[in-house]
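J.: Sequence:
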Amino acid sequence: MLLQRKIDRAMNWLREKSNPGQNNSESADKFSEDNSDLYAYDPKAEWKAQESNDAKLEKGDILGILISSLIVFGPIFLILIIILILVFPSFNAIK
185 MLLQRKIDRA
195 MNWLREKSNP
205 GQNNSESADK
215 FSEDNSDLYA
225 YDPKAEWKAQ
235 ESNDAKLEKG
245 DILGILISSL
255 IVFGPIFLIL
265 IIILILVFPS
275 FNAIK
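Going from the sequence shown to my numbering is simple: count from 1 and add 184.
Just so you know, the hints here were simulated from the structure itself, not pulled from any lab data. Given the structure is predicted, the values throughout are model-derived calculations rather than measurements. From the three backbone atoms N, C-alpha and C, an ideal C-beta is built for every residue, glycine too. Among these hints, one or two may not hold up.
Label-pair ranges, simulated between beta-carbon atoms [stated by the list, open to error]:
1) S274 - K243: 38 to 48 Å
2) Q188 - F272: 51 to 61 Å
3) K243 - I267: 36 to 46 Å
4) G244 - L187: 28 to 38 Å
Capping the alpha-carbon separation at 20 Å, the derived lysine to any residue pairs in SDA-like fashion look like this [what the hints assert, rightly or not]:
5) K243 - L254
6) K240 - S252
7) K190 - S202
8) K243 - P259
9) K240 - L250
10) K190 - K201
11) K201 - I191
12) K201 - R189
13) K240 - I251
14) K190 - E200
Please model the entire structure based on the sequences and the hints provided.
T.: Next up, the structure:
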């Protein structure tokens with residue numbers, strides 16, 4: 185996991201803060217030592233993740249992507265066109 189050491193340190197700090205009378209630093213160190221093999225590098229897992237990364241698009245996915253992009257970028261383009269019309273009024277007059 186990304187930034188696992190920082191997460192562990194924050195969890196240890198929270199444990200110490202919630203129980204100030206108890207000495208949780210020893211149990212926190214024991215916890216991190218017991219689970220050290222969980223964070224070991226596994227090349228087989230990476231290989232399986234790369235194999236399963238072949239996502240196929242379904243029938244309506246392209247249409248959904250186009251509609252969502254219009255919803256996101258449509259207002260931005262509309263605002264830019266309005267700004268251009270206000271800045272350059274000569275484009276506004278049709279002769």
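J.: Hint by hint, note whether the structure agrees.
T.: Comparing the hints with the structure gives:
| no. | hint | verdict |
| --- | --- | --- |
| 1 | S274 - K243: 38 to 48 Å | 46 Å, holds |
| 2 | Q188 - F272: 51 to 61 Å | 54 Å, holds |
| 3 | K243 - I267: 36 to 46 Å | 38 Å, holds |
| 4 | G244 - L187: 28 to 38 Å | 37 Å, holds |
| 5 | K243 - L254 | 19 Å, holds |
| 6 | K240 - S252 | 19 Å, holds |
| 7 | K190 - S202 | 18 Å, holds |
| 8 | K243 - P259 | 27 Å, violated |
| 9 | K240 - L250 | 17 Å, holds |
| 10 | K190 - K201 | 16 Å, holds |
| 11 | K201 - I191 | 15 Å, holds |
| 12 | K201 - R189 | 18 Å, holds |
| 13 | K240 - I251 | 19 Å, holds |
| 14 | K190 - E200 | 15 Å, holds |
Going through the hint list in order, the structure does not satisfy hint 8, though it satisfies all others.
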